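J.: Sequence:
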Amino acid sequence: MQEKIKQALKNTTTQCILVYACIIIVYHMFMQHYDGDIEYYLRASWAEPVWNLQALYKLLLERYYTVTSRLLLEGALFVFTHGMHVWVWNIFDVAANVIIYMGLTRLTDHKHDRLLLCILLLYPIVEMNTAGWIVCYIIYFWPLAATLVSLNSLKDMYEEKTIRIYPMILCPLCLIFGTNLEQFAFLYLAILILFTVYMIIEHRFTTRYTVFTTLQYLVVAANIIFALTGPGNHGKITWLREYWFPDYITITFADKVALAVNTTMSYLIDKSLIWLVLCALILVITALKNPGNIFRISISAIPLTFTIFRSVAGFFSGRYLMDFTDIFDVYSDTARVDSTNYNSPSAYLPFIFYMATATIILICLIWIADDMSEAVFCLCMMLFAYGMHAMIAFSPTIYATSSRTFMVTEFLILYLIVRLYTKNNALISRLPVALQTAGRVSVYMLTGFTVINNLLSVTNAYYYGWK
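Sequential numbering of the sequence shown, starting at 37, is according to the working numbering.
Note that these hints are calculated values from the structure, not bench results. Please note that a few of the clues may not be correct.
[Claimed, not checked] Derived DSS-like pairs (lysine-lysine); straight-line CA-CA distance at most 27 Å: (1) Lys197 x Lys147; (2) Lys292 x Lys307; (3) Lys292 x Lys147.
[Stated by the list, open to error] Ranges between beta-carbon positions, derived for each pair: (4) Ile464 x His121: 43 to 49 Å; (5) Ser382 x Tyr234: 19 to 25 Å; (6) Tyr101 x Gln51: 47 to 53 Å; (7) Lys191 x Thr102: 37 to 43 Å.
Just so it is clear, the structure is predicted and the values come from calculations on it, not from any experiment. Note that the Cβ used here is the ideal one computed from N, Cα and C, for glycine as well.
Let's have the full structure, built from the sequences with the hints guiding it.
T.: Here it is in structure tokens:
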């Protein structure tokens, strides 16, 4: 037994899981539960002073008819906030985080688990307190953990592995819970369609695979229909529009497209370290695959350069490129092109830059792909990443949901980073040892500073009132 434990501890994946679990446990030790968590606790207590199924039913019925169709997630929230069972939630939440890491390592075939660990730790967890730790983690991270279980079943089918009865029962159950969040429902449907196309083209469907895939389609479709037809949608959208976006009904479709591009790309470029790593990796791979091609290398450097100017070199650009910085600051918030500024060329500059940057990333993914199949897959993943937040711009909830909704986008980019690194590892390994070492040290240092910053964010996040 001791030998087995020693052997397991020598395994890189096990080591990374333990490190990740320890860091997440430390985060949770310092989390304080105010604002949204307390607000939900008060609602749960209003339903019934004592926890019981009748109280749960009463709360879910009220929420369904007035606000949301996320009844499974609301039920979990009710259980953990009724009486504020914080330590019990801590245990479940750490487990959900570990499942996310394990699910991602399995999706990436346990290749470069250390890189995956570092990139995963770059996520700014303070975004999970914009409505309370318990509320946000249950609404976003728990569905992600459940969805990853089902995603791995798609991977198994594509690799023509045997799908036994146990996962055929477990995966749909996880999918029911995971796709109860609308973003995951639409994302999983998109991935499921892409998976089906690849399976049909490569003639990999069997009778069992067909039944299992059809079952997943039914689960996702049911959750989407349930979400779109919920009677609480009208009340929620009306309230959010009046409070957060009063002039929403006046903006055109073109305005919504511009808003989608500006809000999505401004967050990624200004605030996402995961996006920064993606831009740097794409530049390196493009340069290695196209030595001497100044045009391609220069084009692939634009996203990284723009990102550095807007984030890392913010002080420099703010001091020496003041007007350039100011116009992007204005339009990364709530400003839009309207009747007061439509005649100013500068009002269109952010959209042009953001759209160009997003497009260049897609072009670079085509340049560095080994074949058309890989290019299509990477393009779809990147388009899904863009779309998962951009779709929110077509709803008045865009300003109410804060930046926590970028979680889905950042995890898709995270997966793409590991995939690109894995596919091009042989090429990257040809770099001089000094450059490889410098790259690894840079990632480790960036991760270390992010972990420290996340811990500071957790310890400083005391919310006593509505924001």
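J.: Assuming the hint says 37 to 43 Å, is it satisfied by the Cβ distance from Lys191 to Thr102 or not?
T.: Once the Cβ atoms are compared, 39 Å apart, the range 37 to 43 Å for Thr102 and Lys191 holds.
J.: Against the range 19 to 25 Å, how does the distance between the Cβ atoms of Ser382 and Tyr234 compare: consistent or not?
T.: violated, 44 Å
J.: Holds or violated: Lys292 and Lys147, Cα atoms, limit 27 Å.
T.: violated, 40 Å
J.: Given the hint that Lys292 pairs with Lys307, does the C-alpha gap stay at or below 27 Å?
T.: holds, 22 Å
J.: Honestly, do Ile464 and His121 meet the 43 to 49 Å range at C-beta?
T.: holds, 47 Å
J.: Keeping to a limit of 27 Å between CA atoms, is the pair of Lys197 and Lys147 held or broken?
T.: holds, 19 Å
J.: Is 47 to 53 Å right for how far apart the beta carbons of Tyr101 and Gln51 are?
T.: holds, 49 Å
When held up to the earlier numbered hints, the structure conflicts with 3 and 5 and fits the remainder.
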